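Using the hints, put the two chains back together into the complex; each one sits in its own frame.
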Amino acid sequence: MSYNHQEFPNYMQTAGKVSVLTAIIGLAVFIFAFIVDVGQQEIQKVSAQTASTSLQVLNTPPTFVVEPFEVPPSSTTTPTNSGDVVTWSATGNDANGAPYYLLVCDDDAVDPTPTNGGAPTCGAGAVQWGVSAATPSDDPATVSTTTVEAAPFAESNDWYAWVCDGDPTQAECIVVPSQGAVPTAASSSPFNMNSRPILTSADPAGAINPGDVLTFNSVSTDPDSDPADDNLFLVVCANPGDYNTTTNTCDANFIASTTGSQTSNASAATGTASILRDGTRSAHAFLVDQHGHEALGGGEDVEYTVNNVAPTVLSGEVTLNGGTTIVLSDASAGESTGYTLDFTVNDANSCVNDTGDPGSEITGFQAAVYRTSIGTGTGACNPVDGVYNPNFCYESSQAPAVWNLTCTASSTSCTGATDDDIEYSCTFPLWFLADPTDDGPHVADSWSASVAGIDDQFATSTFVQSASNVALQSFPVFSLVTAEIPYGGLAPGDGFTTLGVREEDGGAATTTIQNIGNTGLDQELDGSAMCPTFVSTSSDCSLTATSTVFANSQRFGASAVPFLDAASFVLPTTSVGSPAFLDLNVVETVATSTFAEGLTYWGIEVPSAVTVAGTYTGLNTFYIRTDADW
Amino acid sequence: MNAFVRNFVVVLVLFPVLFLSVGIDQLYAGFGITPPYVRNSSLTRNAIYEQQILLVRGDPSSEQIAEISIDAPELAGWIEIVGGNQIELPVGLQKIPMTVQVRVPADAEYKDYTGAIRIRTVPAGDTLAKGSVNISLGARVDIDLTVIDKRIEDFRVRKISLSDLNEGSKLAWLFFPGKIKFDMLLENTGNVEISPSKVEFKIYDRTGEAQLEEVTNIGSIDTIAPYDTETVTAELPTRLPAGSYIARYRIYNGEDLKQEGDLSLNILPEGTAQSAGFGFIGLSIAHKISLLLPIFALLIAVLYFLFMRQKGRKR
Chain E
24 MSYNHQEFPN YMQTAGKVSV LTAIIGLAVF IFAFIVDVGQ QEIQKVSAQT ASTSLQVLNT
84 PPTFVVEPFE VPPSSTTTPT NSGDVVTWSA TGNDANGAPY YLLVCDDDAV DPTPTNGGAP
144 TCGAGAVQWG VSAATPSDDP ATVSTTTVEA APFAESNDWY AWVCDGDPTQ AECIVVPSQG
204 AVPTAASSSP FNMNSRPILT SADPAGAINP GDVLTFNSVS TDPDSDPADD NLFLVVCANP
264 GDYNTTTNTC DANFIASTTG SQTSNASAAT GTASILRDGT RSAHAFLVDQ HGHEALGGGE
324 DVEYTVNNVA PTVLSGEVTL NGGTTIVLSD ASAGESTGYT LDFTVNDANS CVNDTGDPGS
384 EITGFQAAVY RTSIGTGTGA CNPVDGVYNP NFCYESSQAP AVWNLTCTAS STSCTGATDD
444 DIEYSCTFPL WFLADPTDDG PHVADSWSAS VAGIDDQFAT STFVQSASNV ALQSFPVFSL
504 VTAEIPYGGL APGDGFTTLG VREEDGGAAT TTIQNIGNTG LDQELDGSAM CPTFVSTSSD
564 CSLTATSTVF ANSQRFGASA VPFLDAASFV LPTTSVGSPA FLDLNVVETV ATSTFAEGLT
624 YWGIEVPSAV TVAGTYTGLN TFYIRTDADW
Chain H
7 MNAFVRNFVV VLVLFPVLFL SVGIDQLYAG FGITPPYVRN SSLTRNAIYE QQILLVRGDP
67 SSEQIAEISI DAPELAGWIE IVGGNQIELP VGLQKIPMTV QVRVPADAEY KDYTGAIRIR
127 TVPAGDTLAK GSVNISLGAR VDIDLTVIDK RIEDFRVRKI SLSDLNEGSK LAWLFFPGKI
187 KFDMLLENTG NVEISPSKVE FKIYDRTGEA QLEEVTNIGS IDTIAPYDTE TVTAELPTRL
247 PAGSYIARYR IYNGEDLKQE GDLSLNILPE GTAQSAGFGF IGLSIAHKIS LLLPIFALLI
307 AVLYFLFMRQ KGRKR
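From first to last, the protein sequence lines are chains E and H. Quick note, the numbering used here runs 23 ahead of the 1-based positions in the first sequence. Quick note, the numbering used here runs 6 ahead of the 1-based positions in the second sequence.
It is worth saying that the hints were derived from the structure and are not from the lab. Remember, it's a predicted structure, so these values are computed and weren't measured experimentally. By construction, the Cβ of each residue, glycine as well, lies at the ideal position given by its N, Cα and C atoms. Only true hints are included.
Among chain E residues calculated to face chain H with C-beta under 7 Å, some are:
id : residue
1  : Ser355
2  : Ser497
3  : Phe498
4  : Val500
5  : Ser601
6  : Asn643
7  : Ile647
8  : Thr649
For reference, chain H alone in the conformation it holds in the complex (with noise of 0.2 Å):
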């Protein structure tokens, strides 16, 4: 038998090859991702980003594996996957969770990097359809980063609360004013450590008509590691009595003024709630400088007698 009659069998007896269209199991069973981005414009050297994925599926009832692949050539040696990149996807388990790590080179050059991250869904173990196509599905994570050489301050304000207080309290002639703690949550957008630089109250009688204190708040405030989203809080000294009022806040970063909004204030008669009011720090300047200028007096008289002792044995 010549060749070609060996063939033209072997195509008319054992073809043809079918290619069997077997549906699989996962009709309606989605796969995503969100966010669908690693995004970052504000990175500087030496910087270290991380940005949560979270891998869904709509049919969590088989275990699957996700695969990882970076396509990113100018990134190479920046980014990994956290863990690794093969993600176990359980039995029952509708959301995973994989985290993306960026640590820019001290000599990252300062300019934009693009790339893709790629997530493919595959059976764990012998499972697909035989004679079939399969489908694997995936999602892809654009990367979209900025390597910059300048400082960011920028913050956006997230939540914020308010504690209840204690009035002022009166000492001799010196008045220690309530303090409000003035808590916000906030989400450091820039690449510096950064916090509030003032955080302001006006403070209304409950019909909020009248104002009856504007004040500003007193020491420093946390700072908030960049990419970071923490919890800060201002303190604000008040010498109204307790009472129920309504607090209009304002949160700057700079001149910019990042929020404003009402809030009720309750200030508790002294010694009710379980926190302190403000200690020196909280006086007015006048208080302060009938504490102070006396302590200086006997200092000064102090210094100038063992001035005086010494010379005297001088002599």
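For reference, chain E alone in the conformation it holds in the complex (with noise of 0.2 Å):
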């Protein structure tokens, strides 16, 4: 609907719009009046004149400029050892300026007390961690309080925070707490306490050997869980005062520490050396958690043992006469000598024992030198036994007047307690008689040396065979009991009637030879003319019937036979012909002082023809050679 304005009369048209303006202009002098104070004297005047209002402005909490937060951030990755300290700190602002209190509690149900004029507290119930001293608006303050592994510490603890004002008349705290800026940053609450782990005992697992694993157990446990149960290190140094706590490891002398994840009974290993000192040996054992807290005590002492070990001989390390043939050189039945035996004794131990002294672990040896069949199983060749031969066997055990092997530790070859050998080098002796292996009855055989080495505790090695064997060559030596063929007197046309018996007297005409070699012996046999003017040589001789007794007057035999007996033999002429053979089978001699012996039967024909008398001087000649069959 709309209205024709025209239509209404004047009067119509303005009713109305005096009285809005008329309201309008008193609204406005209303507001005038009382926005500009437009009479304000006045009215004071009037009041104080008639009465009189007042207006107290109440004193307002002071706000965080900067929430609160631990200092370092105390959480379950990197909680606070028992015994440190959890530090807070924030800013806060008071709106009148004055100094403000930092108050950190563990509980809010029941709002803090402020203090006017003082510092604030906990509400009744709470755990006051700490409160800071009074701190300017806008300075940061700080809250501090030491953990101990005793209520109300706990391995997590809540906390609140507050600012609080000290005005003197209305100390006020602000009204909602602080539990950090970011609930879930470490730095925010809860802090969180690491209890030490409890150490109840440790111990090494038992002695080793050198070369072995070197275990530590322990009774260990940890009172923490949160978020899971802590992991436990055993860590062993040598001595207590090589632990670090604050590196929690050991500044010197390391020997084990846990890996690996283990939460109780922590337990350490460590591989050892090869060669280890035998002995007790220090350590000590600390444990320690993951967040490098330690249990008490200082550590526990675990020493443990190394045990002796025997040494140990290796083939290739015993080497008997430089691998070289023996011969044998003595041809007055006694010893050759300046053989040599060269052997490395090693001892997992070491060379040296505690005192360092070279050669005091390594302290002696074994050693054979034998026909290698005879062996040095029980009752054959060794030192245990204690079975001396000269023809086969020489061991150590024999006193230096049987058998008298030398042996020199070199002086260089122990350097200290990371070496473990040390090199021998002997000379020995060996009888004539040592039975050949080149040929004859041990041509199989060959001569060897075994050796064991011995500790300063007495252990002592297996025997251990050189890897090489050398030959021991045949030795044919003979000499004479008598070097006289005596025929004794006779008349030109006489002569023996059987070899051996002279006829004068019915004496022996024998020979004897006696075997001071390693061999069998047979004999071959020639000789030379004889004659007064014999100097060296038959030819000496005139070589005249008359005055020569020819080689071939002279017969010999092995036994008391007829003189032109089948087994009686004409002695060869001394380079005309080849010596005659006799089979005499001497045997090897088995005895030192006791010599096998061969006899040979001698017997003459003094030809008719001789006329001239004298001394007649001839040379026969012996030969040895080795028997084929001995």
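Below, the structure written as structure tokens:
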């Protein structure tokens, strides 16, 4: 609907407008007076003159400018070790510019109690972790508390922080406490306390041999379980003072440490050196959790023992006579000297003991030099059984008067506790009758040496035979008991009827050879003609029948047979024919003082043609040869 | 005086002829030789073989002469005593060497040859006891030789030894292993030059329980002349670090295991021992290829470039 304004009378057109305008002006005046306070003095005057009014503006609590946080953050991953300090820091602002307090409590169930003109306190029933000193507004305030493994401290500890002022008349605390700017941050509530692990006992798993794994076990626990049980580490140092509580390891003399995750009964193991002196060794075990918090007690004494092990000898390190054939050389029924035996004794306990003196651990040896088929087993050639035989077994248990094995330990081969060997160089003699192995009944054998090492506790290695054996060379040697052929006196045409029996007195006409070598012996014989002018050979003789007794006038045999018996042989002439063989079969000598012997029976027939009387001189030759079947 | 009477008087007055029995000074004065043989069963034509024989006597207080005679008709011209058939045995010397040399002719029959060498000692000068049958001491050397027409390749290990060595070293990506030098004193018991065909090492930890490495020799080993005894060296690579180990060695002649045994093997930190390690030959195959491949590629590229340039000039 619409109106036609033109149709109304004039008064009608202005009616209401005045009223509205008046109202508006009144309202404007009122507002002006109210805002500009026109007539204030007048009104006061009127008031003073009539009634007084008062208005008190109240104190307001401080506020956080910087939310509280832990310094350093204390969380499950970086807990505060018991005994350490938890510190909070925050910055507050007081509207009045007054100092403020930072209050940290474990609960916000009850509001804290501000104190007029002083520090606030936690509400009833709450644990007060701490309250700061009065801190100027906008300055950082800090609160700290030292953790202990007792109430009210637990593994996880909530905290609530307030800022309060110390207004003398109306102290106020911020209404809503803070647990940190970011609830999940490590520096926000709660703070975590890490308790010490508990080391009840620790021990080595047992004595070890060099090269073994050395293990230390412990009875140990850790009270912490948030968010999971703490890992424990058993750290073993040689001495108590070696452990560093800051680095949680040994500054020196580290022995072993737990590896992997162990939450109780932590153990530590380490491989040991292959060369390790025997004896008891100092060790101390320390228990520390994964947050570097050590168990109380300063470590457990876990002294361990390295066993004494027997020395060892390696076959390639035993060398008899430098690897060369043994050649006997003494032709006087004695000992040939200068043969060598070189060997190395190893000991995993090193070549020194705790004294450190070279050779103090490896103190001796046993040695045997023998023909191989004899061996070194029980009852054979070894120093334990003491079966010495100059034919085939020489062993070191014998007194030097029997077998003079002389050994010298190298002065440079033992260099200290990390060196495991000593080299020995020995010389020794062999008797003339030591069995040959290049020929004869022992040709399948050779000579060898076996050695065992002995340590300072008399542990003895096995007897180890040289990898390389050597031959002992045949050594046919003989001597004469009576170096004469005692024919006695004979007239031309006279002669022996029986070999070996002198006609004139019935005495013996024999020669005896002694076997002072190492083979069986046979004999070959020849001789020269005899004459009074003989100097060195038969060529000195005139060789006429009247003054020469030719070699073929002599006969010999291996027994007392008739002069012309088939077993009586004509003596060949030297340099004319080959010598005659006599199968004496002198066996190998088996005792150093009693020699095997062979007798040759002699006879002669002086030709009737000899007319020149006198002393006839001649020269017969005895060739020894190795008996083929001794 | 007739002849009968004269003879009777001579016999009655001048005889008996006395063969006095005078003991010589050499009681227990022994004599001997070693070895009592010249023996070789693998001689070949043109071979030269020497055998030393030691003459020994118990009492060297008087000078003597050793007279040597060779009784071996089949070997006439082959065999001789080096230095002649008389050897002086001077005062004070108990052992005197004598060398027998055998020179096998080019046309020697393939068969066994035997004989003897006799040695007898006689006093030097006029020192025989007068009026007695003196005794000369002598000895016989058996000769036993065989000439054959086949090759015999054999040796005997007399002694082995091992030197300390440096551990291997690294240069860029190449690892040069340490060099084990394994010395062997070998006697060639055959009739041709020979050396071990293979030397093998199994290297264990010091307890001898855990095998750490197995290696064989690299490169050739020097040969030994027939009948000689010499030291030769096998070189083996090792990649083990410094430490003390036990090496179990094996020495082969073809398929025959000639000797095995244990030795200590000490590997020292690099630069400790005065001995060089392996060079290129010691590298692993992969490392050799990695080194050679770029060289060959470069060579081919250069050749290709030269070829193309030559071709361009012709156009």
